[in-house]
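K.L.:
Single-letter residue listing:
2 protein chains.
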Amino acid sequence: MDKKYSIKDIAQLSGVSVATVSRVINDNGRFSEETRKKVLKVIKETGYQTNFSAKNLRMNKSFSVGILVPDISNYFFATVVQKIEKILFKCGYSTIICNTARDEDKELAYLKMLESKGIDGLIVISGAKAFDINKVSSSSKIPFICIDRKPKDKKNTIFIASDHYQGALDATDSLFNSGSKHPIIATHKHYSSSGADRLRGFKDSLEKHGLPFDTSRNQITLTTENTTIKMEKVLKSQPEIDGIFAINDTVAIEVLSALLKLGKSVPNDIKLIGFDDEPQDKHTYPTLSSVKQDTDRIAQVAVENLIGLINSTGITSESIIIPVELMPRDSTL
Amino acid sequence: MDKKYSIKDIAQLSGVSVATVSRVINDNGRFSEETRKKVLKVIKETGYQTNFSAKNLRMNKSFSVGILVPDISNYFFATVVQKIEKILFKCGYSTIICNTARDEDKELAYLKMLESKGIDGLIVISGAKAFDINKVSSSSKIPFICIDRKPKDKKNTIFIASDHYQGALDATDSLFNSGSKHPIIATHKHYSSSGADRLRGFKDSLEKHGLPFDTSRNQITLTTENTTIKMEKVLKSQPEIDGIFAINDTVAIEVLSALLKLGKSVPNDIKLIGFDDEPQDKHTYPTLSSVKQDTDRIAQVAVENLIGLINSTGITSESIIIPVELMPRDSTL
DNA sequence: GTTTGTTGAGAAAACGATTACCCAATAAAT
DNA sequence: ATTTATTGGGTAATCGTTTTCTCAACAAAC
Chain D
1 MDKKYSIKDI AQLSGVSVAT VSRVINDNGR FSEETRKKVL KVIKETGYQT
51 NFSAKNLRMN KSFSVGILVP DISNYFFATV VQKIEKILFK CGYSTIICNT
101 ARDEDKELAY LKMLESKGID GLIVISGAKA FDINKVSSSS KIPFICIDRK
151 PKDKKNTIFI ASDHYQGALD ATDSLFNSGS KHPIIATHKH YSSSGADRLR
201 GFKDSLEKHG LPFDTSRNQI TLTTENTTIK MEKVLKSQPE IDGIFAINDT
251 VAIEVLSALL KLGKSVPNDI KLIGFDDEPQ DKHTYPTLSS VKQDTDRIAQ
301 VAVENLIGLI NSTGITSESI IIPVELMPRD STL
Chain W
1 MDKKYSIKDI AQLSGVSVAT VSRVINDNGR FSEETRKKVL KVIKETGYQT
51 NFSAKNLRMN KSFSVGILVP DISNYFFATV VQKIEKILFK CGYSTIICNT
101 ARDEDKELAY LKMLESKGID GLIVISGAKA FDINKVSSSS KIPFICIDRK
151 PKDKKNTIFI ASDHYQGALD ATDSLFNSGS KHPIIATHKH YSSSGADRLR
201 GFKDSLEKHG LPFDTSRNQI TLTTENTTIK MEKVLKSQPE IDGIFAINDT
251 VAIEVLSALL KLGKSVPNDI KLIGFDDEPQ DKHTYPTLSS VKQDTDRIAQ
301 VAVENLIGLI NSTGITSESI IIPVELMPRD STL
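Sequences listed follow chains D and W, in order. The opening residue of the first sequence carries number 1 in full-length UniProt numbering; numbering runs sequentially from there. The opening residue of the second sequence carries number 1 in full-length UniProt numbering; numbering runs sequentially from there.
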């Protein structure tokens, strides 16, 4: 098992031509059973492995797809990426992961690189605000799908996302259901399309319960300012607040720790619910209610559609919305 | 910007030979300044991009490296991978990330795929117990480095890890320093070499403070059993316990929530410290002391060494230990 | 017994780059 | 004025596949 064997070596060793070896390997074309066995035997003995560079060059296909993701240390992104990668591998594709850090220039640089590598497809998770595949010269040809944030050009693309709106609606409803009369929403400063949908869900639940939404009264935004101090101010001026829907679990956990520091009891004084169902939600005190995104399904649907595009079986343009699930825990008892 | 241009097109359009175009692109070989400008102009106009499959085939180099990682949704792994990817990209390499899920068969399958793709190098993060690159036929030639877990064959490999031993020693010392007299260690059921080092650090700190280590008295292991119930039993039989060093932050947070549920005050009744310095440590209540691994340095050293190996400038075999930093917070006040 | 069809397999082109080798043309040295 | 270097750049081989053509051999059909 020393040298690297090429198809030519296999041909020689098994006394057939390279064409035949290729046919046997790919099980395509005509050859006798006898030849098959002969060739396969030599392949096993030598430990021959296809040289993908050559194969890619010839077939103009790379059996690899790129994933653009803003931040892989984010739980939701990491989970989706992980699951996508797993499915793709099963389908014979390898995955090139690119961390864009929400930087448009980086996004562009990665796109160029990926195109150079001849990727067969692309998955863009929560791409830049103005994500536009045409920014890269001829990229227009690379099949791609978007997850979590709509691309600039809504036509001719497949977009997959959780039902953030419904999740937020359910979450806020659950605050009301557990006795909250005056819930607010806690957001962070980064804009995202999912965040916008969640905000919309919160508003609609509010109005459904007869409360008009007013940004200055019903929304707080976490900034670099110390969260505890900010919460203290807010609760002093609006002591009626008795429920908080946090735009995601990171925010929720920050809010929770602030509330506890301020001597508030959760859920007795204030109900709290987050979004994303991160693992630590089960281990906060009290445990944190949340909304779970179906990452399995997102990944599955994403890969299915991408591979569909790659094999150009239907270049449909559509938005696919994946249902979410409410995960009630102690913070909304 | 429609069709895909090859070097041949560029040659034609700029009135030179393909060889010259290649020379200009790679700035290697001889050509006049005039020619350079001409060619570069055409390249810019056409939006030409190298076909890496061809280049790889010819040069027998793929400008890509593989990363084997057990679980990318784990914070430490995700952070390291992210940083490695960033540095590699700057060095002109793309990264193929492979999630092994701690499954040896998968590890092997990925290894085969990576070899087929002709990766130039490999980074193995916390590989399987018996990680052995020779399991894949001719892989022996792929330069690789290991992070976090030593490979089977310690010779002729570069191994990079945090100073888990020292971190655990410092962490346990800090329990004593904040007044704990009878600390224990909380571990989980998965074995890891880093875990073993951390356990060693705990033991040595104990002995330094005049306490002999006894597994049955000084160590609890979290299993699928409910942590709160387990903790209750332990605290009933050993009420003297007043400090816990958790093998990592996930365990620490689970323990913390159990303690709070049992009505214990942290840090007043029991001091607690974890390991890894995950972001949520700052937002638990009380905030969680921990030990921070220097992921920046790990990534930097890893890439430097790997690229060193790839360019075979020194095939030194060594273990590189990266210092850690104690992050004291409220749970060990 | 000639024609037709089928099966198995080889020869060679092509994919898009890099590079060793070659040869003009000009410059430098004698 | 001839030889010798140097410079710029073209030709063609090569990397390892896949695939189109081609054809021999044998079987079936007439």
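Fair warning: there could be bad hints in the mix.
Which copy is meant is left open, so a pair is good if it fits within one copy or across any two.
Stated by the list, open to error - Below 30 Å or equal to it, Euclidean Cα-Cα: the simulated DSSO-like pairs (lysine-lysine) are:
id, residue 1, residue 2
1, K152, K236
2, K61, K112
3, K90, K141
4, K41, K141
5, K55, K8
6, K236, K41
7, K208, K150
8, K106, K37
9, K38, K55
Hints in this document: simulated from the structure, not taken from any laboratory. Treat the numbers as computed from the prediction; the structure is a model and nothing was measured.
K.L.:
All the hints need checking, so say for each whether the structure fits it.
P.N.:
Hints and how they fare:
1. K152 - K236: neither (42 Å within a copy, 61 Å between copies)
2. K61 - K112: both (17 Å within a copy, 19 Å between copies)
3. K90 - K141: both (24 Å within a copy, 26 Å between copies)
4. K41 - K141: Answer is between; shortest inter-copy Cα gap is 24 Å, intra-copy 40 Å.
5. K55 - K8: both (14 Å within a copy, 20 Å between copies)
6. K236 - K41: neither (79 Å within a copy, 65 Å between copies)
7. K208 - K150: within (27 Å within a copy, 59 Å between copies)
8. K106 - K37: between (49 Å within a copy, 27 Å between copies)
9. K38 - K55: Only inside one copy: K38 and K55 sit 22 Å apart there, 33 Å across copies, limit 30 Å.
Violation of the numbered hints given earlier is confined to hints 1, 6; the remaining hints are satisfied by the structure.
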